[in-house]
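Using the sequences and the accompanying hints, generate a full structural model.
There are 2 protein chains.
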Amino acid sequence: MSTLCQPHVLFPQHKITQQQMIEHLESLHSDHPRMALAKRMILNTEVNERHLVLPIDELAIHTGFTHRSIVYERAAREMSSAAARQALDNAGLKPEDVRMVIVTSCTGFMMPSLTAHLINDLGLPNSTVQLPIAQLGCVAGAAAINRAHDFATLKDDNHVLIVSLEFSSLCYQPDDTKLHSFISAALFGDAVSACVLRADDEAKGFRIKATDSFFLPNSEHFIKYDVKDTGFHFTLDKAVMNSIKDVAPVIERLNQAGYQQNCAENDFFIFHTGGRKILDELVRHLDLPSERVSLSRTSLSEAGNIASVVVFDVLRRQFDSSPKPGSKGLLAAFGPGFTAEMALGEWAA
Amino acid sequence: MSTLCQPHVLFPQHKITQQQMIEHLESLHSDHPRMALAKRMILNTEVNERHLVLPIDELAIHTGFTHRSIVYERAAREMSSAAARQALDNAGLKPEDVRMVIVTSCTGFMMPSLTAHLINDLGLPNSTVQLPIAQLGCVAGAAAINRAHDFATLKDDNHVLIVSLEFSSLCYQPDDTKLHSFISAALFGDAVSACVLRADDEAKGFRIKATDSFFLPNSEHFIKYDVKDTGFHFTLDKAVMNSIKDVAPVIERLNQAGYQQNCAENDFFIFHTGGRKILDELVRHLDLPSERVSLSRTSLSEAGNIASVVVFDVLRRQFDSSPKPGSKGLLAAFGPGFTAEMALGEWAA
Chain A
1 MSTLCQPHVL FPQHKITQQQ MIEHLESLHS DHPRMALAKR MILNTEVNER HLVLPIDELA
61 IHTGFTHRSI VYERAAREMS SAAARQALDN AGLKPEDVRM VIVTSCTGFM MPSLTAHLIN
121 DLGLPNSTVQ LPIAQLGCVA GAAAINRAHD FATLKDDNHV LIVSLEFSSL CYQPDDTKLH
181 SFISAALFGD AVSACVLRAD DEAKGFRIKA TDSFFLPNSE HFIKYDVKDT GFHFTLDKAV
241 MNSIKDVAPV IERLNQAGYQ QNCAENDFFI FHTGGRKILD ELVRHLDLPS ERVSLSRTSL
301 SEAGNIASVV VFDVLRRQFD SSPKPGSKGL LAAFGPGFTA EMALGEWAA
Chain B
1 MSTLCQPHVL FPQHKITQQQ MIEHLESLHS DHPRMALAKR MILNTEVNER HLVLPIDELA
61 IHTGFTHRSI VYERAAREMS SAAARQALDN AGLKPEDVRM VIVTSCTGFM MPSLTAHLIN
121 DLGLPNSTVQ LPIAQLGCVA GAAAINRAHD FATLKDDNHV LIVSLEFSSL CYQPDDTKLH
181 SFISAALFGD AVSACVLRAD DEAKGFRIKA TDSFFLPNSE HFIKYDVKDT GFHFTLDKAV
241 MNSIKDVAPV IERLNQAGYQ QNCAENDFFI FHTGGRKILD ELVRHLDLPS ERVSLSRTSL
301 SEAGNIASVV VFDVLRRQFD SSPKPGSKGL LAAFGPGFTA EMALGEWAA
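Chains A and B supply the protein sequences, listed in that same order. Letter 12 of the first sequence, counting from 1, is numbered 12 in UniProt numbering, and no numbers are missing. Letter 163 of the second sequence, counting from 1, is numbered 163 in UniProt numbering, and no numbers are missing.
Because the hints were derived from the structure by calculation, they are not lab data. Note that the structure is predicted; figures quoted are calculated from it, not measured. Keep in mind that a hint or two might mislead.
Which copy is meant is left open, so a pair is good if it fits within one copy or across any two.
[Stated by the list, open to error] Distance condition first, Cα-Cα at most 16 Å in a straight line; then the derived EDC-like pairs of lysine to aspartate or glutamate: (1) Lys328 with Asp89; (2) Lys224 with Glu73; (3) Lys277 with Asp267; (4) Lys155 with Asp97; (5) Lys15 with Asp57; (6) Lys245 with Glu46; (7) Lys155 with Glu73; (8) Lys228 with Glu73; (9) Lys155 with Asp212; (10) Lys155 with Asp121.
Quick look at the structure:
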């Protein structure tokens, strides 16, 4: 077994309300024939505010992939170390206790990966296993948790540090004028998290009992990047909304196998917030009252979809809600592939 | 335990000899003050020939990251499936037997990763775990082997398909005129490999006994990318040559712990071919006669440094050399970080 300890989540300093974002898009594309529809759809996302690594007027001028990569790297180095130090402290561990470091981020690219920076900056052991994950998008946080759990199962001092960081704003493409680009530009937010998975269970948190992975065939076009001179261009096919009906039975099967009960009988949920509609589909197909995923809804409202960081932001909110020891929960996230990663866990206090 | 089965290695159709590459660089940069020195250093690499996904005259015109990403994706989809089918056949497994698919590639970027393509195209199970590794450069092949071994240790049907592909030529930057850029342009080659790690040991090959990871502090600048509008720009600090003296004692310690003997007493070596000097440093610090790494030297001469594919190309040559059952070997690769990944194994026949 292994336990996900209390994560530490950081947000960059610049904030933008959804109203400000709508005004920004309206002013930038004042003659766009579908702006009224875009505005309605953006209001429908139920994102109220997001954090950005640069103010929106700077982001509206595309300074190129070269410049944005420099901004990405500087912010990544600063914020990842700060989050990681606090996460180690939350877990009651020291840098020398870490055996593997995983970094997830799909909104910029560095080689060496930030795993190298973290070993140097925190003073992790020279034998630390590095696992950078760049290509799993929004599901990468849950994938990191499940791979960390695998590694922790091998040895009871195989503690893992997971750092997730997304500066989605550096993938904002002001010249992309398709409807789905406007929605993405108003949906994704920036954030950094760090979380320790303790292999010895000597901590409070989400104690993992079982994990599962799911891939939906022939759905590569649902969520994808076009890689261009101007960086990563996100594209989303609305067919992605149909994926949850296929994932829900897999989630129920994992839940039945681990707890011998339906999801509806679980105590808590740590769900990725792909968007409001994804959460609506989840509660519908898992037969849950809507308020059971309120932690995810609050995260979406306060931070936007922060990609691989979401599950850690929701986990942080779960810590704050003082759950009962032994309560039964489920963690799940979704991303490109189409891919889902799921974990069953009980609350250890 | 787990066994690396016979890999399948494919090369793209275009070939270039080192003499042709020198002529190309001389013609492109006829007034460069250090071209004579560059020529001597390129001859010193002992690369005779390389394979390229596009002919050199096309590569000399930088068509932009947008266009190169399209070329990368098409070649990656075609060649990865072909290599993977043969690798499964070599391992005596069917697509439905695969539990994890790892793809390593640092010379292009796709999201969804090629792992999604392989699940779709080969018909791997919907529960297949995906692990795309983009940021470990030349060490990614050995890192994939070691993470596959970890996963296989959990369950004896946890078979892993590892696909490595590098189209380094699509990172050729004809406008980069520093000396190290000329050397890189003449050193790195294109190739694709696929290899199955069987968790149940029911196959011939490299049976893994133990693995280790090593990180050299404060060496992020040794091997790195600058990420620009024109794609990935490789930079190499010559200080990287000093890294092997620090890695060698770690390799010897792993060897002593597993075999109770020095590396010099081993029967075979599957070494990454960072370059001629890296191989020279390895034999010097491990006290080996130079011809003990002849498989790596031949790979370098015939294909150039094919990054994360190298260890699989050398493993393929090891299969062809009909090693004695029970002979003792060591696999090691090096890459950005500076990072080394190592595995001890015996030959199973």
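Evaluation of the provided hints:
1. Lys328 with Asp89: neither (26 Å within a copy, 43 Å between copies)
2. Lys224 with Glu73: between (23 Å within a copy, 13 Å between copies)
3. Lys277 with Asp267: neither (22 Å within a copy, 60 Å between copies)
4. Lys155 with Asp97: Within one copy only: 13 Å inside a chain, 26 Å across chains, cut-off 16 Å.
5. Lys15 with Asp57: Cα proximity of Lys15 and Asp57: one copy only (12 Å, versus 48 Å across).
6. Lys245 with Glu46: neither (22 Å within a copy, 57 Å between copies)
7. Lys155 with Glu73: neither (33 Å within a copy, 38 Å between copies)
8. Lys228 with Glu73: between (19 Å within a copy, 12 Å between copies)
9. Lys155 with Asp212: Result: close only across copies, 14 Å inter versus 20 Å intra.
10. Lys155 with Asp121: Close neither inside one copy (25 Å) nor across copies (35 Å); limit 16 Å.
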